[in-house]
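S.K.: So the protein lines, in turn, are chains H and C.
Heads up: the first sequence runs through residues 355 to 584, numbered per the numbering used here.
Heads up: the second sequence runs through residues 1182 to 1450, numbered per the numbering used here.
Derived DSSO-like pairs (lysine-lysine); straight-line CA-CA distance at most 30 Å:
#1 K1346(C) to K1335(C)
#2 K1238(C) to K356(H)
#3 K1334(C) to K356(H)
#4 K1410(C) to K1348(C)
What follows is a list of derived Cβ distance ranges for each label pair:
#5 F1439(C) to I407(H): 36 to 44 Å
#6 K495(H) to K1338(C): 48 to 56 Å
#7 T364(H) to H1438(C): 48 to 56 Å
#8 K1338(C) to G571(H): 23 to 31 Å
#9 K1346(C) to Q548(H): 30 to 38 Å
#10 K1348(C) to I414(H): 20 to 28 Å
#11 R367(H) to K1411(C): 45 to 53 Å
#12 G491(H) to D1307(C): 23 to 31 Å
#13 G1339(C) to I407(H): 22 to 30 Å
#14 V371(H) to K1348(C): 31 to 39 Å
These aren't lab readings, by the way, just hints derived from the structure by calculation.
Note that the Cβ used here is the ideal one computed from N, Cα and C, for glycine as well.
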Amino acid sequence: MKSYFDKTHTWGRIWTVAALIIFLLVPVAFSIHLNAWPKAEYFLKGLASVAIIFYPTAFIEVVSYAPLLGAAGTYMSFVTGNIANLKLPCTMSALETSGYSVSSEEGEVISTIAVAVSAMVTTIIIALGVLLMSVTGVIQKITSPSSPLYPAFQQILPCLFGAIGAVYFYKYWKITLAPLAVILALLAFNGGMQVGILIPVSVIVALVATHLMYKKGVFGKEEPAGETHE
Amino acid sequence: MRYPALFGGTLMDFKSSPFMYAVGSAIVVFVLAQSTFFLVRAVKRGKELGISGEKMKNAAVQSALFSIAPAISIVATVVVLSGALGVVLPWIRLTVIGAIQYETSSAQSALNAMGNSAGLASAVTDPTQFTTVAWVMTVGSIMPLIILPFVLKKLQKGIGKAMNKNKLWADLMSAAAFIGIIIAFVGRAILGTGDKELDIIGDGAGVLSITGLLGSVGFMLLFTLLVKKKPKLQKFESFAMPLSMFLGMGLVLLVNHFLPAQYLIEWRY
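If we strip away everything but chain H, and leave its shape as in the complex, we get (with noise of 0.2 Å):
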């Protein structure tokens, strides 16, 4: 009998293909709909100058949230996209919380929820916001400069990492060391690379670093604390 695992994969792998047929068929649809279809020149042109960048990050993506969002976690945070600003967090946030490992069956289950939740949630409030935007305009006044609340908006980042980090910085702040003195020197040279660029570089050392560290021992042999909270 297959395995909860590869049920996963394989139901991960029809609605991933489903999406993609159902994603493609909105240029299409819009074509038929205005009666306006693109001109090759200049659709291969357009697409050139970004596959170049996002193609090769599409690899880089995949290999580096894949092991962090579990199997079912990745196949929609894939299909829903902002995974480094939502998908991820939430997954982080909710396997610290239950002390699950994502390796694990239970972690699975509970990286899934986190996922397929914030998948929910977030299209749903996108789709308010766009009635109530055509409605009453009042997101535009919300998230306007003019607004009050602007100043916040503009640091979700920050306050969103700074409240999912702590605990991680707290608990592992030897593993937080390398990344940040590599990353503030790349800043430091040039502060406008953006995330994108950072992220690999920032796991890599981050990686590397802390396979050097557990194999001088400097994490003993003890399981790290609080990673088996349950």
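With chain H held as given, fit chain C onto it using these hints.
M.R.: What follows is chain C alone, placed relative to chain H:
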């Protein structure tokens, strides 16, 4: 092609016609169906594995709370892009696969390819330009969906094997990978510059980004300490992280309001 007013008494153009809204709604239904399918499956499996209902509920509540603020900021992105592209296309693009940096650069690149130098700064009025943008945004973002069915199972089996060999090493490596991701954002809050072209105040590292970062770190550590000291509070543990984020945002507003403007320094603008 013009359509009569649907909402708010404004005339809608082809980019926001009822047909476009119907396509957007269909995408929403698809995403909700997929999420519900996996959610129901996971809860069933969780019960079989003996995971307590409370744990599963906590994961759901925490995740929902965490998603609210970033989701509102995604709506803000729809607002930004809607000036040029109407509401529906940005809505669809940010509901699926989307992320602000991808969507804006795809749209901009498509418009530039057609010789539209204003790009997203002005409304797209030509249907062909609009569909070209839709095609580039869609095809530009689908690569992960092509890769996943082929590689994910093998990738996770490989990772699973490595993880099972040595638990301490595996736990450290997964913590390291996640810390690596967090540090990229933390680094930008400390030393990242804002958008030079748009010249927006407050989008570079400065007093406000550091307030948000340190504020939310401080609140979270405080809550962790409180839960440790008073085990009774453990049932509220899942609220600690989202609450720290909101309190961090609140602190930013307070500092922005009360600190004299000359001290609201943005050292990387």
